[in-house]
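Engineer: Below are the chains, spelled out letter by letter.
Protein chains: 4
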Amino acid sequence: MNATTMLDKTDAPRLATSMTMKALVYQGPRKKALEDHARPEIAAPTDAIVKITKTTICGTDLHILKGDVPTCQPGRILGHEGVGIIDQVGRAVTAFKPGDRVLISCITSCGKCEYCRRAMFSHCTTGGWILGNQIDGTQAEYVRIPHADTSLYPIPQGAEEEALVMLSDILPTGFECGVLNGKVAPGSTVAIVGSGPIGLAVLLTAQLYSPAEIIMIDLDDNRLDVARKFGATQTVNSTDGKAADAVMAMTGKRGVDTAIEAVGIPATFELCQEIVAPGGTIANIGVHGKKVDLHLERLWDRNISITTRLVDTVTIPMLFKTVGSHRIDPKLLITHRFKLDHILDAYETFSAAAKTKALKVIIEA
Amino acid sequence: MNATTMLDKTDAPRLATSMTMKALVYQGPRKKALEDHARPEIAAPTDAIVKITKTTICGTDLHILKGDVPTCQPGRILGHEGVGIIDQVGRAVTAFKPGDRVLISCITSCGKCEYCRRAMFSHCTTGGWILGNQIDGTQAEYVRIPHADTSLYPIPQGAEEEALVMLSDILPTGFECGVLNGKVAPGSTVAIVGSGPIGLAVLLTAQLYSPAEIIMIDLDDNRLDVARKFGATQTVNSTDGKAADAVMAMTGKRGVDTAIEAVGIPATFELCQEIVAPGGTIANIGVHGKKVDLHLERLWDRNISITTRLVDTVTIPMLFKTVGSHRIDPKLLITHRFKLDHILDAYETFSAAAKTKALKVIIEA
Amino acid sequence: MNATTMLDKTDAPRLATSMTMKALVYQGPRKKALEDHARPEIAAPTDAIVKITKTTICGTDLHILKGDVPTCQPGRILGHEGVGIIDQVGRAVTAFKPGDRVLISCITSCGKCEYCRRAMFSHCTTGGWILGNQIDGTQAEYVRIPHADTSLYPIPQGAEEEALVMLSDILPTGFECGVLNGKVAPGSTVAIVGSGPIGLAVLLTAQLYSPAEIIMIDLDDNRLDVARKFGATQTVNSTDGKAADAVMAMTGKRGVDTAIEAVGIPATFELCQEIVAPGGTIANIGVHGKKVDLHLERLWDRNISITTRLVDTVTIPMLFKTVGSHRIDPKLLITHRFKLDHILDAYETFSAAAKTKALKVIIEA
Amino acid sequence: MNATTMLDKTDAPRLATSMTMKALVYQGPRKKALEDHARPEIAAPTDAIVKITKTTICGTDLHILKGDVPTCQPGRILGHEGVGIIDQVGRAVTAFKPGDRVLISCITSCGKCEYCRRAMFSHCTTGGWILGNQIDGTQAEYVRIPHADTSLYPIPQGAEEEALVMLSDILPTGFECGVLNGKVAPGSTVAIVGSGPIGLAVLLTAQLYSPAEIIMIDLDDNRLDVARKFGATQTVNSTDGKAADAVMAMTGKRGVDTAIEAVGIPATFELCQEIVAPGGTIANIGVHGKKVDLHLERLWDRNISITTRLVDTVTIPMLFKTVGSHRIDPKLLITHRFKLDHILDAYETFSAAAKTKALKVIIEA
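Chains as they are written, first to last, in numbering that gives the first Met the number 0: chain A, 0 to 364; chain B, 0 to 364; chain C, 0 to 364; chain D, 0 to 364.
Possibly wrong hints are sitting among the right ones.
To be verified - Straight-line C-alpha distance at most 25 Å; calculated SDA-like pairs for lysine to any residue:
| no. | chain 1 | residue 1 | chain 2 | residue 2 |
| --- | --- | --- | --- | --- |
| 1 | A | K252 | B | I333 |
| 2 | C | K320 | A | K290 |
| 3 | A | K96 | D | T124 |
| 4 | D | K289 | C | P277 |
| 5 | A | K289 | B | H294 |
| 6 | B | K182 | B | A248 |
| 7 | D | K252 | B | V313 |
| 8 | D | K228 | D | T334 |
| 9 | C | K65 | C | A352 |
| 10 | B | K320 | C | A118 |
| 11 | B | K252 | D | G195 |
| 12 | C | K252 | C | A184 |
| 13 | B | K289 | B | G27 |
| 14 | B | K354 | B | H325 |
| 15 | D | K96 | A | T124 |
| 16 | B | K30 | B | R336 |
| 17 | B | K252 | A | A184 |
| 18 | D | K290 | C | A118 |
| 19 | D | K182 | A | H294 |
| 20 | C | K252 | A | V313 |
| 21 | A | K290 | B | Q133 |
| 22 | A | K320 | C | T250 |
| 23 | D | K182 | C | L179 |
| 24 | B | K290 | A | H294 |
| 25 | B | K252 | B | G240 |
Unchecked claim - Label-pair distances were calculated between CB atoms; the ranges are:
| no. | chain 1 | residue 1 | chain 2 | residue 2 | range |
| --- | --- | --- | --- | --- | --- |
| 26 | C | D244 | D | E113 | 31 to 37 Å |
| 27 | A | G251 | D | K289 | 56 to 62 Å |
| 28 | B | E159 | D | K241 | 43 to 49 Å |
| 29 | D | H62 | B | D244 | 50 to 56 Å |
| 30 | A | I84 | C | D244 | 49 to 55 Å |
| 31 | B | E40 | C | K30 | 52 to 58 Å |
| 32 | B | T124 | C | D239 | 53 to 59 Å |
| 33 | D | R297 | C | G230 | 30 to 36 Å |
| 34 | A | R117 | C | H62 | 46 to 52 Å |
| 35 | A | R117 | C | T238 | 44 to 50 Å |
| 36 | A | G230 | D | K289 | 50 to 56 Å |
| 37 | B | D244 | A | D67 | 24 to 30 Å |
| 38 | A | G157 | D | R117 | 31 to 37 Å |
Treat the hints as calculated values from the structure; they're not laboratory data. Backbone N, C-alpha and C define an ideal beta-carbon position, used for all residues, glycine too.
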């Protein structure tokens, strides 16, 4: 009997994992590199190691690269989205086994804590948004997923992987923070401020509730063209600073039932306050870096709600079903494809969206 | 046959109404008087004339007197609360007849418009808060109530009138804007910022949902004493500027599920933002005169809701039942009583609440 | 001065109304006739007289003709659906004036009573389903509509009248009693038992919530063909008595989230109980003539809900918007068109649906 | 090195566990015994062994003893309620350690499966109600709890153990299946059919929502006396078969908003159907052995809901808080106390409730 055989079978680091892998590593503000990096290993019995097959880049990754996310330290592998294949599982993992195809949620959830029991996985006391932030992420050949049973989702037979990458973060974010929080409903009038990838994810998923009008607002005519193709009933280019007037005219001076902020700056949140109808909702999705003015002197008697939310990804199982039944087509968001070896090009393309017209870029590992 | 007999019986001005009555009239900023005033007459077939038996003064009346409510012009009879007896009804009124005892809602609602059909009576297109604001109010011997069928409520046999005056505005305001909008629930933790009459109305009605903790915050120890008697489980005097620390300590650093703003200034709204727990709600009741800072840079990922509301008084029928079954006792709010002839004294007492310890004053007409 | 001039201008019967009109009159079980009938007159100040432009026949009208609806007495003009033009209004009507195009709700609601204030118009204490039942209905040239302000809806410019006739009853019934009560949601699995006009109305409106699967169940292959064209994802012919097995197989033995009963007999309600998943809902729409078995010995621990409902038509304004924005197309339900003069043929066609493939028939007045 | 030392430290059976313990064992219909039984051992890494300090007997245990619960086979240790102290934990248990005081939920939940993620723990695919049914239960000195992290709850310092035993099953059952499913609300009218322990648990927890009226119905005057002490506003002895008439008289012929069935036989479910008001809810809690009649011929147009539910125990954390804040006092339900050695006497007392006036009996292990 030798040392190796005495090791616990499932928890043991396998020989393979001593090998290295390619990974996109954050090296401090404005610095990143595709590096050789040690493969991740099982660290807790609830972990799984996933071999990434496809991942993508999120606007948040660009925020990190600007140095705006202090929880993310240099040396961190970025990425919190992706699909892959289970490589190893810790001994307490019961829902998955090596070889299973899985979707990775951008939110890690233990399923046990007070917040998880309330389905507020975003605030899991030992999870939340940690992937590619406080622990190494998915822009690599392999990733370690804590609380695997409750942070991974099985991919059904025959499902298209590319489409599903959009279910790690962008579609649930648009749907939960925008559509659900915004109480989009059949026959309602919705304005989406910001026609970038996340605003377009709102646009796609808002149609699950059949609103009568979806008004898309942006500075970029190209993005507004895309929005019309994706189902916006009206568009407003806000370059002239008169977007509020335009929306009020479109709604018979009533305003919108739901105003969704999908940018993250004071001006767009201000616009939402100007166009929300009495009884309406402002759903904030944008990641804000500074405080905004809230005009309670006008809004105190307007019976409105304002919501904020970090995505909980509680709707991933539902979104699987709507994609499977062709109620929405997430692939519409994919504009470019790269191999992991060319992920720096992918970042360049994604960062220069105004020029490249990039929405989401797929990275194949 | 003469002209008089040809007039429609119910719509006709009765001889009696040519007489005058006493009324408290707003005469422009900082000016008011108890005047002789023409009695109101039926102006539309849906009107009723109510002989006031008891009314009261609201904090909003003081706002008007400061000149802060531009919709209320000099010459207006103030008051939007009260109980009384039906004196006359227009011919389209079907729910009431002369002699019926009624409660007057502070909100006039037609029952027909888009907003009324959504139970958002506060925004009724021909009603809303107009009494004692855009039309003459209840601090008088008689008042005309438009849309009487849907703006008055029958008083059950044996009910105490004084208690019911609290159902015209203050209790539904506390309950709808604070308790319901704030999603107060069994076992939850609630903070009420402001222990004036409206904050205390929240405190009374919050207990209908059995929260585990109700923390009352104010600058005035007397009002906090009252709050403890009314059911607050903990109190915080915020004079030292450290109320947020105190609340966080009381909640194990978690914050409160519901923070209710019952003052109407930036500092108290700021406090609510500091103490709301992830997943919690800030329910604004205060009438704000200026904008506030909203710290989206801290709150964007906290999964919170902020609500505003002008009371709809949709819960008056329910509140009748809870009062009738002794689940709440609105009379606790009544500290002083005056005859209509002495309403100027009543105003003085109510305005000097810090000194007089006045909460609500009853005016007997 | 003569008697006529002394009459109130708006409430007076106009000379025209002394003329007769054509109307379909119930004459007792299995008997009906197109008769000359006195035109209706304003009877209360809240009434309106509507000149019918288009009406239709409902399955309930056939029930009445079988003698199954004791509240409907011989001599009654049938019909509770339709669109038309305001001919006269009582003096208390404020929302409409002669010449306005209106949709007639099958439910009359006063907007004032306890039930109306709870938006449960179906149980209005002076309304509810009375048209073509307890008062004369719409299968005539003119109809009197009580509580006109709250029982009629203005037709927007440019809207198609035929489509809107479907909003008087069948679409809100399918939507409120089936889709809303059944909690149809994005990604959910729905079974509709009965592919007649009402089941198809459920099918059309269910898609406003983007369920993943809609399984239609009927005995008639033609109706199942129609269902597939209308958006059913799967169909089951239940002739062989094995529909439950088929549905369980289609759902991986899990059952459906929502089972909608749209027939009204014990066997179909039984089927719903067999196919509902744990945590699911059975929404009953069918008009039942006898009691059914409820298998609490199997269902007590299944966490299900069963709902019943007479349509409240609270969703008519919302349905206007979804039709206006082309989210649903009610005209799909219309298979035949007749002039009022040929309404007996229309009844014959509608009654022989298995042969004629009739769904809804339009009657032009 | 020997075999024992090679065993994993935490998962290993400790020597102590080879010892026996006392346990109440089901031996087939109408047979039970207090036996010496092997102590339970950790069987999966997510298990915990709990040393029972207090347990109780449930009406369901009597059902098992009658032979009415086929899933429970002879040889089974009964009991699914209790508090105790963690004795051992499997290696994947992270929320508890030996020595921790815990409350045992009657429902075992994995926290991972589709149902657990929907907070429908009662239908957990590897849990649900298995304790004292499909696996050995709590009427013993020790019990093995699967999925310990999500099936046990930490007991706060200073909490009274006896009171908390009521939180394992009876209070959450009354609250979730009766009060929440029944939509009890401030000002509403509630009837509870059955004033046994579970009906009284409904009565206690219904008051968390401050209904205006709670009418208790039973055949036993003693139990109705208890109900009045517990807060029932009215009581009806249904022995004369005229309970429905009595309730209709008490509610002005309107019926009740919520009718809660807490017995489990056709007659009591029938009564609920007779007394429910339009728009109301029938919440079934009773464990039914046979089908019941559902009078859809009367109820199809009454806009009612009927719900069934096996308790999910999702409200245990909330109930902890309401007990801690003295909003409810579960100890009121405790009438008798026994040592585990005398559990057969406890069963006798509990079974003869009509004579002994027993509600819940505490068994001290």
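Engineer: All hints are to be evaluated individually against the structure, with a verdict given for each.
Structural biologist: Hint-by-hint comparison with the structure:
1. Annotation: proposed proximity of K252 (chain A) to I333 (chain B) is violated, straight-line Cα distance about 43 Å (limit 25 Å).
2. Pair hint K320 (chain C) plus K290 (chain A) does not hold up; C-alpha atoms about 37 Å apart against a cutoff of 25 Å.
3. In summary, the hint linking K96 (chain A) to T124 (chain D) is supported, as the alpha carbons are separated by about 18 Å, within the 25 Å threshold.
4. Between K289 (chain D) and P277 (chain C) the CA atoms are separated by roughly 19 Å; this keeps the pair inside 25 Å, and the hint holds.
5. Note on K289 (chain A) and H294 (chain B): the hinted pairing holds, with a Cα-Cα distance of about 7 Å set against a maximum of 25 Å.
6. At roughly 22 Å between alpha-carbon atoms, K182 (chain B) and A248 (chain B) fall within 25 Å of each other, so this suggested pair holds.
7. Proximity of K252 (chain D) to V313 (chain B) is assessed by CA-CA distance (about 24 Å); at most 25 Å being required, the pair is judged to hold.
8. For the hint linking K228 (chain D) to T334 (chain D), the alpha-carbon distance of about 14 Å falls within 25 Å, and the restraint holds.
9. With a C-alpha separation of about 16 Å, the suggested pairing of K65 (chain C) with A352 (chain C) holds against the 25 Å cut-off.
10. Distance restraint check for K320 (chain B) and A118 (chain C): the Cα-Cα separation of roughly 19 Å lies within the 25 Å cut-off, and the hinted pair is therefore satisfied.
11. This hinted pair does not check out: K252 (chain B) and G195 (chain D) have alpha carbons roughly 41 Å apart, beyond 25 Å.
12. A hinted pair counts as satisfied when its Cα atoms are at most 25 Å apart, and K252 (chain C) with A184 (chain C) qualifies at roughly 20 Å.
13. Between K289 (chain B) and G27 (chain B) the CA atoms are separated by roughly 22 Å; this keeps the pair inside 25 Å, and the hint holds.
14. Proposed proximity of K354 (chain B) and H325 (chain B) is contradicted: the alpha carbons are some 31 Å apart, above 25 Å.
15. Distance check on the hinted pair: K96 (chain D) and T124 (chain A) sit about 18 Å apart at the alpha-carbon level, within 25 Å; holds.
16. Only pairs whose Cα atoms come within 25 Å are accepted, and K30 (chain B) paired with R336 (chain B) is accepted, the gap being roughly 22 Å.
17. Only pairs whose Cα atoms come within 25 Å are accepted, and K252 (chain B) paired with A184 (chain A) is rejected, the gap being roughly 37 Å.
18. For the proposed pair K290 (chain D) and A118 (chain C), the alpha carbon gap of about 34 Å is over 25 Å, so the pair is violated.
19. Only pairs whose Cα atoms come within 25 Å are accepted, and K182 (chain D) paired with H294 (chain A) is rejected, the gap being roughly 36 Å.
20. Taking the CA atoms of K252 (chain C) and V313 (chain A), the gap is about 24 Å. The hint holds against a cut of 25 Å.
21. With a C-alpha separation of about 37 Å, the suggested pair K290 (chain A) and Q133 (chain B) falls outside the 25 Å cut-off, and the hint is violated.
22. With a C-alpha separation of about 12 Å, the suggested pairing of K320 (chain A) with T250 (chain C) holds against the 25 Å cut-off.
23. Restraint check for K182 (chain D) and L179 (chain C): the C-alpha separation of about 17 Å stays at or below 25 Å, so the hint holds.
24. Taken as a hint, the K290 (chain B) and H294 (chain A) pair is honoured in the structure, with Cα atoms around 4 Å apart against an allowance of 25 Å.
25. With a C-alpha separation of about 18 Å, the suggested pairing of K252 (chain B) with G240 (chain B) holds against the 25 Å cut-off.
26. At roughly 23 Å, the beta carbons of D244 (chain C) and E113 (chain D) sit outside the given window of 31 to 37 Å.
27. At roughly 58 Å, the beta carbons of G251 (chain A) and K289 (chain D) sit within the given window of 56 to 62 Å.
28. Between E159 (chain B) and K241 (chain D), the C-beta spacing of about 34 Å breaks the proposed range 43 to 49 Å.
29. Evaluation of the 50 to 56 Å hint for H62 (chain D) and D244 (chain B) yields a pass: the beta carbon distance comes to about 54 Å.
30. Between I84 (chain A) and D244 (chain C) the CB atoms are about 36 Å apart, so this pair departs from the stated range of 49 to 55 Å.
31. Checked against the given bound of 52 to 58 Å, the beta carbons of E40 (chain B) and K30 (chain C), roughly 54 Å apart, stay inside it.
32. At about 57 Å, the CB distance of T124 (chain B) to D239 (chain C) agrees with the hint of 53 to 59 Å.
33. For R297 (chain D) paired with G230 (chain C), a C-beta distance near 34 Å keeps the hint of 30 to 36 Å intact.
34. R117 (chain A) and H62 (chain C) have their C-beta atoms about 48 Å apart, which keeps the hinted 46 to 52 Å range intact.
35. A C-beta distance of roughly 47 Å is found between R117 (chain A) and T238 (chain C), which places it inside the suggested range of 44 to 50 Å.
36. Between G230 (chain A) and K289 (chain D), the C-beta spacing of about 52 Å keeps the proposed range 50 to 56 Å intact.
37. Between D244 (chain B) and D67 (chain A) the beta carbons are some 28 Å apart, a value that agrees with the proposed interval 24 to 30 Å.
38. At about 25 Å, the beta-carbon gap between G157 (chain A) and R117 (chain D) misses the expected band of 31 to 37 Å.
Going through the hint list in order, the structure does not satisfy hints 1, 2, 11, 14, 17, 18, 19, 21, 26, 28, 30, 38.
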